[in-house]
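J.: Same order as they appear, the protein sequences are chains U and Y.
Going by full-length UniProt numbering, the first sequence opens with residue 1, and the numbers climb by one from there.
Going by full-length UniProt numbering, the second sequence opens with residue 1, and the numbers climb by one from there.
Careful: at least some of the hints might be erroneous.
Each pair may be met inside one copy or between any two copies, as identical chains are not told apart.
Simulated pairs of lysine to aspartate or glutamate, DMTMM-like, Cα-Cα distance not exceeding 25 Å [unchecked claim]:
1) Lys-205 x Glu-158
2) Lys-154 x Asp-45
3) Lys-154 x Asp-40
4) Lys-154 x Glu-139
5) Lys-216 x Asp-138
6) Lys-205 x Asp-40
7) Lys-154 x Glu-130
8) Lys-95 x Glu-221
9) Lys-157 x Glu-84
10) Lys-182 x Glu-139
11) Lys-205 x Glu-84
12) Lys-95 x Asp-138
13) Lys-104 x Asp-40
Everything labelled a hint here was simulated from the structure, so no lab data went into it.
Number of protein chains: 2
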Amino acid sequence: MDIYSGRFVLILILSFISKSSSQSIIQISPEKYHKSSAADLIYCDSWRFSVETNDAGIWTQVPSRCQDYVHDYLTGVRYRSDSEMVALNSLDFAKTVEFAGNGKDAWVFDIDETLLSNLPYYALHGFGSETFDEVSFDEWVDLAEAPALPASLKLYKELQEMGFTIFLLTGRSEIQRNVTVKNLQYSGYRNWEKLILRGPADSGKPAIVYKSERRKLLQDEGYTIHGSSGDQWSDLLGFAVAQRSFKLPNPMYYIA
Amino acid sequence: MDIYSGRFVLILILSFISKSSSQSIIQISPEKYHKSSAADLIYCDSWRFSVETNDAGIWTQVPSRCQDYVHDYLTGVRYRSDSEMVALNSLDFAKTVEFAGNGKDAWVFDIDETLLSNLPYYALHGFGSETFDEVSFDEWVDLAEAPALPASLKLYKELQEMGFTIFLLTGRSEIQRNVTVKNLQYSGYRNWEKLILRGPADSGKPAIVYKSERRKLLQDEGYTIHGSSGDQWSDLLGFAVAQRSFKLPNPMYYIA
Chain U
1 MDIYSGRFVL
11 ILILSFISKS
21 SSQSIIQISP
31 EKYHKSSAAD
41 LIYCDSWRFS
51 VETNDAGIWT
61 QVPSRCQDYV
71 HDYLTGVRYR
81 SDSEMVALNS
91 LDFAKTVEFA
101 GNGKDAWVFD
111 IDETLLSNLP
121 YYALHGFGSE
131 TFDEVSFDEW
141 VDLAEAPALP
151 ASLKLYKELQ
161 EMGFTIFLLT
171 GRSEIQRNVT
181 VKNLQYSGYR
191 NWEKLILRGP
201 ADSGKPAIVY
211 KSERRKLLQD
221 EGYTIHGSSG
231 DQWSDLLGFA
241 VAQRSFKLPN
251 PMYYIA
Chain Y
1 MDIYSGRFVL
11 ILILSFISKS
21 SSQSIIQISP
31 EKYHKSSAAD
41 LIYCDSWRFS
51 VETNDAGIWT
61 QVPSRCQDYV
71 HDYLTGVRYR
81 SDSEMVALNS
91 LDFAKTVEFA
101 GNGKDAWVFD
111 IDETLLSNLP
121 YYALHGFGSE
131 TFDEVSFDEW
141 VDLAEAPALP
151 ASLKLYKELQ
161 EMGFTIFLLT
171 GRSEIQRNVT
181 VKNLQYSGYR
191 NWEKLILRGP
201 ADSGKPAIVY
211 KSERRKLLQD
221 EGYTIHGSSG
231 DQWSDLLGFA
241 VAQRSFKLPN
251 PMYYIA
């Protein structure tokens, strides 16, 4: 059984992305699945290990020999499966939390590649193999059509039912607030406590500093940050970190 | 091409482990390779993602459906490839370090599953699928025959040549000092600055606390810990952490 080829990888991106996203702009057929060489598969599996553990540190582009691998990973069953495992880990931990019960039991979610999936955009831009183009990405953001990551939407609702107060902490800018709210609602997210975006004073700050500072403010307001979910290590490390942090997969790009 | 089966996975554990280990106690033939179901492969790939990123948190045993998967991962090309990638990441970072040049530029290595491989022991004990038996493991340690992880031995020598002062920080006990030194020398390691083992005062301390305290002492002595290498997150997190930490693969066991 060849788990990497089109014969097996039948669950396509169109089934990965949320049902609510009927306006998806991508159309990928099974024939387009690639066949990397065995040596590439092993190399790229190891490359993915090193970026997901943060061993690789800062990296700017998917290695050219891993372009097909990353494409197949993201559009096949494995990205979906990995995302579901992280959500399961998160829920398992959430069930062990002792609630203060004062409304100050918090969970912090990142947005892009955590709650919302920009795969429809990246599918048209080489899945991380092209240099990031902020102008065209912002145009995509303005469409407010990014689908939910299904496992994250499910987790989000479960945590809310359990009584967690949800904060959304994103590297997006304040000028994108309206489209971001619109997109979150379009994709099924409701009733977050606060949506935190980069203000003018955060301009140029490394993500890890900006996000740590904002978590610190939440702690200063009396919140206990039990859990934090993000696809970037800069969502999770730094200071004022959560009791437990959950790294979602993202082999497309790295934010320091 | 099926990268998981015996047809492809021809590099066996006997070629993985260091040449110096002619007394290896394991003999694995290609016919013994397993064939997990496609669903198991995907599940176990995701399980490995979640333990290597620390999303899974504390875990005590390899899930039963992943026993064959972990066996094949460790004895095939992928463990070797992942280890080599981490060593490459480490060396890439090391080349960017600006040396103080006063002998205080340090790199900290863990020992088990970092410098030395206990695969010959775990091969006889289910590769993490059996409950850990301290008595039999200590008997194995007393043999002082654990081979070097080849990629780590190479990195160790390269870092030494570059001028790093090497510290070995292990969860092993002081009473295992002599056999540990004997094993390290047997496997090709030379000229470390200090071998730090758990003393009586460290008994019962979580590894992450013990290791952080010992790194703090090194910093107090004026050392800059540029890099740290370990197969456990408890080797790398906590306080007094290195500038960059490098997580080696280990899907066999978890130490908190």
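J.: Run every hint past the structure and note whether it holds.
T.: Do the hints match the structure? See the list:
1. For a Cα distance limit of 25 Å, the shortest separation of Lys-205 from Glu-158 qualifies neither inside one copy, at 33 Å, nor across copies, at 35 Å.
2. Only between protomers do Lys-154 and Asp-45 lie at most 25 Å apart by alpha-carbon distance; the minimum there is 22 Å, versus 28 Å within a single protomer.
3. For the homomeric pair Lys-154 and Asp-40, the shortest alpha-carbon distance between copies (23 Å) is at most 25 Å, but the shortest distance inside one copy (34 Å) is not.
4. For the identical chains of this complex, Lys-154 and Glu-139 are neighbours neither inside a copy (28 Å) nor across copies (48 Å), given an alpha-carbon limit of 25 Å.
5. Taking the shortest alpha-carbon separations for Lys-216 and Asp-138, neither the intra-copy value of 28 Å nor the inter-copy value of 44 Å comes in at or below 25 Å.
6. When the C-alpha separation of Lys-205 and Asp-40 is checked against a cutoff of 25 Å, the pair qualifies neither within a copy, at 36 Å, nor between copies, at 43 Å.
7. When the C-alpha separation of Lys-154 and Glu-130 is checked against a cutoff of 25 Å, the pair qualifies neither within a copy, at 31 Å, nor between copies, at 34 Å.
8. Only within a single protomer do Lys-95 and Glu-221 lie at most 25 Å apart by alpha-carbon distance; the minimum there is 24 Å, versus 43 Å between protomers.
9. Within a single copy, Lys-157 and Glu-84 get their C-alpha atoms as close as 14 Å, which meets the 25 Å cut-off; across copies the closest is 41 Å, which misses it.
10. For the identical chains of this complex, Lys-182 and Glu-139 are intra-copy neighbours only, at 14 Å inside a copy versus 62 Å across copies, given an alpha-carbon limit of 25 Å.
11. Taking the shortest Cα distances, Lys-205 and Glu-84 never come within 25 Å of each other, neither inside one copy (31 Å) nor across copies (34 Å).
12. Taking the shortest Cα distances, Lys-95 and Asp-138 never come within 25 Å of each other, neither inside one copy (37 Å) nor across copies (36 Å).
13. For the identical chains of this complex, Lys-104 and Asp-40 are neighbours neither inside a copy (48 Å) nor across copies (40 Å), given an alpha-carbon limit of 25 Å.
Hints 1, 4, 5, 6, 7, 11, 12, 13, counting from the list given before, are not met by this structure.
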